[in-house]
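With the hints as constraints, model all of the structure from the sequences given.
Here the protein sequences come in this chain order: A and B.
Letter by letter, the first sequence follows residues 12 to 268 in the working numbering.
Letter by letter, the second sequence follows residues 4 to 514 in the working numbering.
Wrong hints could be hidden among the right ones.
[Unchecked claim] Computed cross-link-like contacts, DMTMM-like style, restricted to lysine to aspartate or glutamate with a CA-CA straight-line distance of at most 25 Å:
hint, chain 1, residue 1, chain 2, residue 2
1, B, K222, A, D142
2, B, K222, A, D149
3, B, K222, A, E118
4, A, K194, A, D182
5, B, K322, B, E125
Simulated from the structure, these hints should not be mistaken for laboratory data.
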Amino acid sequence: MRVTGPSISLHKVSRDYGTVRAVDSVSLEIAAGSLVALVGLSGSGKSTLLKMINRLVEPTSGTIRIGDAAVDSIDAHILRRRIGYVFQNIGLFPHMTIARNIAIGLELAGEAEGRAARVGELLDLVELPQDMASRMPDQLSGGQQQRVGVARALATRPGLMLMDEPFGALDPVTRDNLTDQYKALHDKLGLTTIIVTHDMAEALYLADRILVMEGGQIRADATPAELLSGKVGEEAEALVAIPRAQAAHLIALGKSS
Amino acid sequence: MNEAWNQAFSRVPELLAAHVQISVSALFLAMIICLPLAIWAARSPRVAAVALTVASLVQTIPGLALLALFYPLLLGLSALLGGGISAFGFLPALLALTLYALLPILRNAVTGLSGVDPAVAEAADGLGMTRGQRLYFVEAPLAAPTIMAGIRTAAVWTIGAATLSTTVGQPSLGDLIFAGLQTQNWTLVLTGCLFSAALAISVDLLLGLIERGIRERRKILAWAGMALIAAGLLIATLPLMIARDNIVVIGAKGFSEQYILARLIGSRLEDAGYTVRYRDGLGSAVVYQALSEGDIDVYVDYSGTLWTNQMERGDSQSKTAMLDTIARWTSSNHGVKMLGALGFENTYAFAVRTEDAREKTLRTLDDLARVSSDFNFGTDVEFLERPEWQMVQDAYPIHFKTARSFSPTFMYPALASGEVDVISAFSSDGRIAANNFVVLEDPKGAVPSYEAIMLLAPKRGNDDKFVAALNPLIGAITVEVMREANYMVDRKDDKKTPRQTASWLNGKLKE
Numbered sequence: 012m013r014v015t016g017p018s019i020s021l022h023k024v025s026r027d028y029g030t031v032r033a034v035d036s037v038s039l040e041i042a043a044g045s046l047v048a049l050v051g052l053s054g055s056g057k058s059t060l061l062k063m064i065n066r067l068v069e070p071t072s073g074t075i076r077i078g079d080a081a082v083d084s085i086d087a088h089i090l091r092r093r094i095g096y097v098f099q100n101i102g103l104f105p106h107m108t109i110a111r112n113i114a115i116g117l118e119l120a121g122e123a124e125g126r127a128a129r130v131g132e133l134l135d136l137v138e139l140p141q142d143m144a145s146r147m148p149d150q151l152s153g154g155q156q157q158r159v160g161v162a163r164a165l166a167t168r169p170g171l172m173l174m175d176e177p178f179g180a181l182d183p184v185t186r187d188n189l190t191d192q193y194k195a196l197h198d199k200l201g202l203t204t205i206i207v208t209h210d211m212a213e214a215l216y217l218a219d220r221i222l223v224m225e226g227g228q229i230r231a232d233a234t235p236a237e238l239l240s241g242k243v244g245e246e247a248e249a250l251v252a253i254p255r256a257q258a259a260h261l262i263a264l265g266k267s268s
Numbered sequence: 004m005n006e007a008w009n010q011a012f013s014r015v016p017e018l019l020a021a022h023v024q025i026s027v028s029a030l031f032l033a034m035i036i037c038l039p040l041a042i043w044a045a046r047s048p049r050v051a052a053v054a055l056t057v058a059s060l061v062q063t064i065p066g067l068a069l070l071a072l073f074y075p076l077l078l079g080l081s082a083l084l085g086g087g088i089s090a091f092g093f094l095p096a097l098l099a100l101t102l103y104a105l106l107p108i109l110r111n112a113v114t115g116l117s118g119v120d121p122a123v124a125e126a127a128d129g130l131g132m133t134r135g136q137r138l139y140f141v142e143a144p145l146a147a148p149t150i151m152a153g154i155r156t157a158a159v160w161t162i163g164a165a166t167l168s169t170t171v172g173q174p175s176l177g178d179l180i181f182a183g184l185q186t187q188n189w190t191l192v193l194t195g196c197l198f199s200a201a202l203a204i205s206v207d208l209l210l211g212l213i214e215r216g217i218r219e220r221r222k223i224l225a226w227a228g229m230a231l232i233a234a235g236l237l238i239a240t241l242p243l244m245i246a247r248d249n250i251v252v253i254g255a256k257g258f259s260e261q262y263i264l265a266r267l268i269g270s271r272l273e274d275a276g277y278t279v280r281y282r283d284g285l286g287s288a289v290v291y292q293a294l295s296e297g298d299i300d301v302y303v304d305y306s307g308t309l310w311t312n313q314m315e316r317g318d319s320q321s322k323t324a325m326l327d328t329i330a331r332w333t334s335s336n337h338g339v340k341m342l343g344a345l346g347f348e349n350t351y352a353f354a355v356r357t358e359d360a361r362e363k364t365l366r367t368l369d370d371l372a373r374v375s376s377d378f379n380f381g382t383d384v385e386f387l388e389r390p391e392w393q394m395v396q397d398a399y400p401i402h403f404k405t406a407r408s409f410s411p412t413f414m415y416p417a418l419a420s421g422e423v424d425v426i427s428a429f430s431s432d433g434r435i436a437a438n439n440f441v442v443l444e445d446p447k448g449a450v451p452s453y454e455a456i457m458l459l460a461p462k463r464g465n466d467d468k469f470v471a472a473l474n475p476l477i478g479a480i481t482v483e484v485m486r487e488a489n490y491m492v493d494r495k496d497d498k499k500t501p502r503q504t505a506s507w508l509n510g511k512l513k514e
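Here it is as structure tokens:
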């Protein structure tokens with residue numbers, strides 16, 4: 012596996028909304044090439060933390076670095092062109108064909124040559140048929156649309172992918188498929204990925220490191236195995252308890268039949 | 004009948020061209036103002052609130068009033084800047100119509116731009132688009148159908164409202180409607196309405212085609228619509244491109260006598276070799292100013308009107324002394340030459356039905372005062388606000404039971420049918436004699452004299468050929484002849500056009 016993704020470091024990063032502190036002095040190191048899941052309940056600050064990395068949200072204080080460079084050392088739109096961003100509501104451009112949606116990053120970068128070939132490559136990568144290229148977004152299912160969303164984010168070959176509940180709105184089968192395939196893509200392309208989810212089962216399955224957030228702070232930082240073994244504290248244990256209980260119930264059901 | 008239609012149609016190409024020109028100019032100006040403003044407003048709710056409130060407020064002002072408001076506004080501005088701004092014709096019409104077109108364009112553009120799906124906007128930001136790129140790639144194309152619908156609404160409104168620009172001296176299809184209403188020439192009214200409606204409908208259809216092309220992402224439709232509009236514009240405005248030099252513009256207020264006299268003056272100037280245009284239906288306040296600025300070259304006014312309106316005098320003088328004073332005043336203040344009085348008067352005259360005059364022995368305004376508490380008063384739209392009404396009330400204790408305003412066309416029938424009992428008629432109006440109405444005398448001389456006088460723009464005062472062509476009209480028209488001429492245009496049967504009547508009148512001039 013070749014690693015092309017950068018490392019990330021956060022130093023005492025906070026973000027206030029009026030009197031509410033959404034993210035509270037978080038310091039964090041993320042190794043290049045890792046797949047990190049940010050888990051927590053609604054309002055725990057996980058999405059805010061993610062969006063500060065590509066400056067969709069500006070921190071109130073603290074510094075964030077990608078590799079060695081502070082994120083605010085360049086214009087926000089230049090920074091964002093180097094980072095893949097996928098989110099729950101997808102946001103395909105309804106007036107553009109799938110091909111143009113996928114290639115829009117290349118268009119912004121002024122890369123005129125080989126766009127069609129790159130679109131074909133990306134459709135293969137996210138396992139969509141080639142004839143999708145000429146369709147309009149509203150002709151695709153939700154799962155297909157999010158595959159396009161992933162392809163669009165990957166078009167400019169970013170090393171870092173930020174994903175905000177990317178598969179949260181999809182049905183369980185589609186979701187499972189996409190989760191699997193994304194994990195494979197992450198490994199194949201050597202990306203650094205941070206994925207926000209409220210689904211602990213998904214995090215346990217997908218990530219190689221899990222950060223549990225609550226009240227704007229990181230309350231647990233562990234591998235899936237450590238979390239499952241119950242060594243990481245109460246907040247994490249409460250979140251892990253649900254999938255563990257569900258799994259036990261399913262196993263019991265299987266045995267009794 | 005065919006004759007009347009032919010005459011009406013012959014004026015259409017030029018008026019249609021002017022109508023298209025003013026409407027398109029106003030629409031473009033409104034778009035140039037609204038689109039950047041809408042982009043700003045879509046990003047700032049405060050700007051949106053202020054801009055939309057102002058645009059809505061403008062919309063509540065009736066179109067006619069908005070046009071009228073720009074006249075004093077531009078005059079003031081012109082005075083402030085030391086002249087050079089014309090308060091007459093194209094400019095006030097352009098500004099008023101532009102303001103009128105703002106609301107639909109602005110409202111739709113703001114709705115379209117701020118209504119873009121937040122997820123799509125987030126994706127645009129996440130992909131690293133700058134604000135400009137987000138507007139160009141995403142927001143503008145998604146808002147385009149809504150914006151286009153706003154432009155379409157504005158276009159239809161503007162074409163309709165442009166008919167009102169006649170009143171500030173901008174030629175439009177409204178010239179036909181206003182002239183037709185005043186002279187009860189329904190062929191003219193119908194022609195004006197027909198062509199402005201046809202213009203509005205075809206523009207609406209073509210803009211609709213473009214809107215559909217954008218909405219359904221069918222470029223060919225949008226381009227076809229644009230090409231048709233461009234071609235239509237070119238053909239419609241063709242008459243404007245034929246340049247004409249040294250055109251004489253003859254002004255006329257909005258009633259039959261003025262139309263006839265304008266044609267009489269026009270035909271004499273044409274015989275003298277001038278090319279002539281008419282600006283009909285001008286308001287009293289606008290027309291004198293337009294003459295002094297040289298926007299029109301000649302028109303007929305009335306001594307009492309200038310005396311009370313322009314000179315703001317409240318006293319009375321003898322007829323001849325008054326004319327001398329007016330001639331000196333116009334010449335020294337505006338360089339306007341008073342060529343002379345035409346020989347008849349058109350003053351406010353209180354008229355009653357013959358039966359009432361006989362049964363109630365009404366001869367003078369004193370007699371009217373005696374019965375006024377039982378009488379319903381019918382008047383034109385401005386008389387109750389005019390100083391003459393104040394002067395009459397000061398001289399005679401008149402208190403009417405009710406007072407109602409009519410357009411002159413409907414005032415005479417209202418008296419004849421008994422709807423009202425006394426009207427403020429015009430003394431040279433042929434309908435007084437035709438209806439056997441009795442005009443009450445004014446023994447105290449409360450109403451000032453209203454001699455018809457011909458006024459020339461500063462640049463025409465020394466034009467000997469011009470003066471020579473019009474001099475024979477001075478003192479040449481008796482009130483009897485003028486009444487007959489007015490009645491030829493105003494009567495219901497065997498109506499004559501102002502031009503036909505003018506040529507009849509030309510043969511009746513007193514040597």
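Each hint tested on the structure:
1. K222(B) - D142(A): holds (23 Å)
2. K222(B) - D149(A): holds (19 Å)
3. K222(B) - E118(A): holds (21 Å)
4. K194(A) - D182(A): Distance of about 18 Å is within 25 Å: holds.
5. K322(B) - E125(B): violated (80 Å)
Figure legend: structure checked against the earlier numbered hints; the only hint not met is number 5.
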